[in-house]
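The primary structure of each chain is shown beneath.
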Amino acid sequence: MSNGYGGGFDHSMGEGGFSNDNASSQGSAVRSSMTPVTIKQINDASQPIPDANFSVYNVELNMISFVGVLRKVDVQTSAVVLTVEDGSGSIELRKWINASVSTPEAEAEKYSNDINKYVHVGGALKEFQGKKNVQNVAVYSVTDHNQVLYHNLSAIENHLKKQGVTAKPKVKEGSDGGSLFVPETAGNSMEDRALQVIRQYSNTMLEGVPATFVAQKLNISPEQAKAYCDGLSDAGQVYIGTDDTSYICI
Amino acid sequence: MDAANIRVDATLVAQHQGKLVRIIGKCESYDSDSLTATIISNGSISLTLQEGEVLKVGKIYEIIGKVSTSDYKVNVYNVIELSDNVNLEVAQKLVQYVHKVPELFY
Chain P
705 MSNGYGGGFD HSMGEGGFSN DNASSQGSAV RSSMTPVTIK QINDASQPIP
755 DANFSVYNVE LNMISFVGVL RKVDVQTSAV VLTVEDGSGS IELRKWINAS
805 VSTPEAEAEK YSNDINKYVH VGGALKEFQG KKNVQNVAVY SVTDHNQVLY
855 HNLSAIENHL KKQGVTAKPK VKEGSDGGSL FVPETAGNSM EDRALQVIRQ
905 YSNTMLEGVP ATFVAQKLNI SPEQAKAYCD GLSDAGQVYI GTDDTSYICI
Chain F
18 MDAANIRVDA TLVAQHQGKL VRIIGKCESY DSDSLTATII SNGSISLTLQ
68 EGEVLKVGKI YEIIGKVSTS DYKVNVYNVI ELSDNVNLEV AQKLVQYVHK
118 VPELFY
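Residue numbers (the numbering used here), protein chains in the order written: chain P, 705 to 954; chain F, 18 to 123.
Honestly, the hints are just simulated from the structure, not real lab data.
One should not assume that every hint holds.
The list that follows gives simulated cross-link-like pairs (lysine-lysine, BS3-like), each with its CA atoms no further than 25 Å apart [what the hints assert, rightly or not]: (1) P/LYS821 x F/LYS36; (2) F/LYS76 x P/LYS865; (3) F/LYS117 x P/LYS866; (4) F/LYS83 x F/LYS73; (5) P/LYS821 x F/LYS76; (6) F/LYS110 x P/LYS821; (7) F/LYS90 x F/LYS43; (8) P/LYS814 x P/LYS799; (9) P/LYS821 x P/LYS865; (10) F/LYS117 x F/LYS36; (11) P/LYS776 x F/LYS90; (12) F/LYS117 x P/LYS776; (13) P/LYS821 x F/LYS73; (14) P/LYS865 x F/LYS110; (15) F/LYS73 x F/LYS43; (16) P/LYS866 x F/LYS110; (17) F/LYS36 x P/LYS866; (18) F/LYS117 x F/LYS76; (19) P/LYS866 x P/LYS821; (20) P/LYS776 x F/LYS83; (21) F/LYS83 x F/LYS36.
All values derive from a computational prediction rather than experimental measurement.
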């Protein structure tokens, strides 16, 4: 957690460098990515077996981040205890102080400036003597409060993804449903019909669908078929196969 | 301040009478004599402030307070000043989504 981390709306970090949404690689991915959560999720989380990751509603919590308001700073012998609240619940964070670097009082003084202000917290959720606690806590003050909004939205998004809810593609009006791909019922021009033939047989003819085959299917001359196929190729709708007279559509 | 509160906007205040709520909005008016203010959050909400609480018109705040049971005024317990660039449209969206996933928030 370097300085860069404290900056912007960085929850995509979890999806960024390290993680991979495939279920197969979930174990290790979850361990090394930050999960954006609300404090209620932390408080509700449970461990299926001792020493396992905490989880709540399918969301695994290991490295977590949350945004909340710092409400209280307490000084203890070798730690400061910060109480953070985000509306969904509150949590105590114990930040151990290295006596050779600083004193709890000095650290508490530093955090007291942030009381009743939003902070961003990152850390690892662990169990210690039957109590949840966040280890290696990093607390940064929030200066741009859009971060509060985006963090909560990220937490919602992450939660919904783990429930198997996926974002619906936006349907643009008057277009082909916003899809990158040309729909099956593209139309009835000869080029479109040639495209349909190529698409239909691309799976079985791995070296490409020959223009002559297209010609047969559409009852046109091979020259005409080749012209249509070249047109499709120029338009980027099909690829040239292993030779110049066969075509592949993915 | 540890008690959980629910994120609402003007359209949802009526449904949360007597409850602790959390509102993000822009201050539209402030009267230091009567200790009242109005805040715009997808509509206008009247606030009853505590002694000594000062709001600036045009600034964006997050208010934590209790919705009065007799009217829809909000008794303010705590005010957090937010940065000026907060996107209030996003704040509105957040309010909508919070109520779709109550398991994360209340």
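Verification of the hints:
Between P/LYS821 and F/LYS36 the CA atoms are separated by roughly 23 Å; this keeps the pair inside 25 Å, and the hint holds. At most 25 Å may separate the alpha-carbon atoms for a hinted pair to count; F/LYS76 and P/LYS865 exceed this at roughly 35 Å. Note on F/LYS117 and P/LYS866: the hinted pairing holds, with a Cα-Cα distance of about 15 Å set against a maximum of 25 Å. The hinted pair formed by F/LYS83 and F/LYS73 meets the criterion: a straight-line CA distance of about 21 Å does not exceed 25 Å.
For the hint linking P/LYS821 to F/LYS76, the alpha-carbon distance of about 16 Å falls within 25 Å, and the restraint holds. This hinted pair checks out: F/LYS110 and P/LYS821 have alpha carbons roughly 22 Å apart, not beyond 25 Å. Only pairs whose Cα atoms come within 25 Å are accepted, and F/LYS90 paired with F/LYS43 is accepted, the gap being roughly 16 Å. Between P/LYS814 and P/LYS799, the direct Cα distance comes to roughly 13 Å. Compliance with the 25 Å bound is thereby established for this hinted pair.
This hinted pair does not check out: P/LYS821 and P/LYS865 have alpha carbons roughly 30 Å apart, beyond 25 Å. Note on F/LYS117 and F/LYS36: the hinted pairing holds, with a Cα-Cα distance of about 18 Å set against a maximum of 25 Å. Simply put, P/LYS776 and F/LYS90 have alpha-carbon atoms about 28 Å apart, too far for the 25 Å limit, and the pair is violated. Pair hint F/LYS117 plus P/LYS776 does not hold up; C-alpha atoms about 31 Å apart against a cutoff of 25 Å.
Between the alpha carbons of P/LYS821 and F/LYS73 the distance comes to roughly 17 Å, so the proposed pair stays at or under 25 Å and holds. With a CA separation close to 18 Å, the supplied pair P/LYS865 and F/LYS110 stays within the 25 Å bound. Our distance criterion of 25 Å between C-alpha atoms is met by F/LYS73 and F/LYS43, whose separation comes to about 9 Å. Note on P/LYS866 and F/LYS110: the hinted pairing holds, with a Cα-Cα distance of about 21 Å set against a maximum of 25 Å.
Between F/LYS36 and P/LYS866 the alpha-carbon distance is near 31 Å, which puts this suggested pair outside the 25 Å criterion. Between the alpha carbons of F/LYS117 and F/LYS76 the distance comes to roughly 28 Å, so the proposed pair goes past 25 Å and is violated. Taking the CA atoms of P/LYS866 and P/LYS821, the gap is about 31 Å. The hint is violated against a cut of 25 Å. Restraint check for P/LYS776 and F/LYS83: satisfied, since their Cα atoms lie roughly 21 Å apart, inside the 25 Å limit.
For the hint pairing F/LYS83 with F/LYS36, the CA-to-CA distance comes to about 5 Å; that is within 25 Å, so the pair holds.
Hints 2, 9, 11, 12, 17, 18, 19 from the earlier list are contradicted by this structure; the remaining hints agree with it.
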